[in-house]
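Order-wise, the sequence lines are chains A and B.
For the first sequence, our numbering gives the first residue as 7, with consecutive numbering after it.
For the second sequence, our numbering gives the first residue as 7, with consecutive numbering after it.
Don't read these hints as lab results, they were simulated from the structure.
Careful: at least some of the hints might be erroneous.
Far from chain B, by Cβ distances over 12 Å, these chain A residues were calculated [said to hold, decoys possible]:
id : residue
1  : P21
2  : P220
3  : K305
Under 8 Å between C-beta atoms, here's a sample of chain A residues computed to sit facing chain B [said to hold, decoys possible]:
id : residue
4  : S67
5  : P71
6  : I74
7  : V250
8  : H268
9  : A270
10 : T272
11 : M273
12 : L282
13 : R284
14 : L300
Predicted model, so just to flag it, every value in this text is computed and none were measured.
Glycine included, C-beta positions come from ideal geometry on N, C-alpha and C.
Number of protein chains: 2
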Amino acid sequence: MTQGKGIQIVLAARPRGKVTPDDFRLEEFALPEPGPGEFLMKVDYLSLDPYMRGRMDDRKSYAEPRKIGEVMPGETISTIIASNHPEFLKGDVVLAHSGWRTHAFSRGEGVRRVAASALPVTTQLGVLGMPGFTAYAGMKGIGKPARGETVVVAAASGPVGSLVGQMARIADARAVGIAGGSEKCAYLKDELQFDAAVDRRSADFPAVLAAACPQGIDVYFENVGGAVWQAVLPLLNQFARVPVSGLVAQYDGPGLTEAGDHLAATMRQILTQRLLVRGFINYDFAKEYYADFLRDVPKWIAEGRVKYREDIIDGLENAPQAFIGMLAGKNFGKLLVRVDVGK
Amino acid sequence: MTQGKGIQIVLAARPRGKVTPDDFRLEEFALPEPGPGEFLMKVDYLSLDPYMRGRMDDRKSYAEPRKIGEVMPGETISTIIASNHPEFLKGDVVLAHSGWRTHAFSRGEGVRRVAASALPVTTQLGVLGMPGFTAYAGMKGIGKPARGETVVVAAASGPVGSLVGQMARIADARAVGIAGGSEKCAYLKDELQFDAAVDRRSADFPAVLAAACPQGIDVYFENVGGAVWQAVLPLLNQFARVPVSGLVAQYDGPGLTEAGDHLAATMRQILTQRLLVRGFINYDFAKEYYADFLRDVPKWIAEGRVKYREDIIDGLENAPQAFIGMLAGKNFGKLLVRVDVGK
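Sequences are here, hints too, so could you generate the full structure?
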């Protein structure tokens, strides 16, 4: 305990366009002993993920928006430090939706013990956690790449994109990753064995992407939207599949600089190329694929066929800036905050 | 034979926006005796369908565009009047892709004999033909309405929309049809037993549509696009399915009067509501569903559960005006041209 006080970060204001540090506020809160049936956790690691941007807006989505003054949501790895709960005991390491805070009370809802693994516990928030399963579910349930097909993914050095591309390779498909900057592109090709990497900052990005996809695109795993979608659209082959798991480029606005309505062109391509475009949240596919995911991905990691990369920031107070950077693509790998910096 | 001359209608110019009569030209062509292995048909009925608009543009689609000076494409019911073909004989009544013409030569490619049926031969171009199978394939392969769900379709008094709505009813789903004008809306409710009919010309169309869908929309069969899609989008429920079979409202342009980019809103709804949006052409589903279609629809017609309506125009020379009218929603039922007006 930190002298009987915890720290949390709340939503101070709804962003107007881009998120700014002023949209967050750091608060202290009291840490009494847990009540009957309750336990108290200290947070070790907080996961920062693009979906959190959506929760800051006051719009209907698959989850309720945060209210002003509420703690920012987020999944964490936490350690139970005091417990009056019959099953969750002091010393247990758990996954919990405790949000952006140093400590959290719980009665066990949505909390589960971290399974023993040879891999670092942080992977439970990345390649073996929600981002990993998002990639796995989208590829198994919707993308379904066949041998020799071309799979394109943006934010490809991130936790979702990197597994998407590596799963494409495992399916003997061509993996084309889009990332920002030469360092990330080199990582995609040299470390992750993508067939091609395209820098989204290239002067003529659409032409560079087209050149990297000489046979067109059969699966586009959509997690950014905006200008990347515009470049992908004319390259999509007949019967291409587009799992839509995120739209980070348009969370702050339409994400396009060119004027005019781009909807008609998208609908026309959906019709004439007979595209399948399907939005999903990872847990939509839990029943069908979660057990397979838990079996396949650790095996692929052990075999060296799947690699992952983490980008760990120290200190909860740095979460807002890290989150803002992530929305601009500044992280390199799965972004985590080490909340208990004594660790 | 018409004194050894046939008449055909060719693409004279590519439309700029709306199609005009000047985009077509009527031509005579010679009718010699069929060569070896050939046969000659006289066209009885020509089907006019919205997809033909796409063929007039010089843009990549699922089929090659017509060249300037080429005959307008179209499926017909024709009678063989002279034959040197071993299998297609004089007097046979066939379905053929002979295009907008009074007569056509063929070696049998894509031609098939019309099966015996208690129903008028014209149904082979409508409820039992391509439009009917488009509705059937889209509903069976993509829409998949469940009992109690709400199905919405536009151009609902047309050959595709009317079967979509009646299939919704057969699946114990709520059928909501959109059509232009009170006469068509009355037909949907009184004749076709739709649960609700919405006039797309209503002053506040989005609000009227919303009122007709108190439980939201689970299946939207997209055949128009434009303003109807904008009204449907906010009403779509989680996991709604959107078979996309046509976009007639945007064939001449984006089809929207409001300024701004509508793509971001569509993509966001696809993501957050986890929509399935899938373009298709009826024959994509032939292997899976064509035999079922041939079994189900005649049975439904015999049982009175499916009704159909035809709108028959006399004379090939009137095809351009009828086609232009259809694109504006002026037909009432499956639009056909009786080419051999002597019949």
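These are the hints, each one checked on the structure:
no.: 1; hint: P21; in the structure: holds, 15 Å
no.: 2; hint: P220; in the structure: holds, 17 Å
no.: 3; hint: K305; in the structure: holds, 29 Å
no.: 4; hint: S67; in the structure: holds, 4 Å
no.: 5; hint: P71; in the structure: violated, 11 Å
no.: 6; hint: I74; in the structure: violated, 21 Å
no.: 7; hint: V250; in the structure: holds, 5 Å
no.: 8; hint: H268; in the structure: holds, 4 Å
no.: 9; hint: A270; in the structure: holds, 4 Å
no.: 10; hint: T272; in the structure: holds, 6 Å
no.: 11; hint: M273; in the structure: holds, 5 Å
no.: 12; hint: L282; in the structure: holds, 5 Å
no.: 13; hint: R284; in the structure: holds, 5 Å
no.: 14; hint: L300; in the structure: violated, 23 Å
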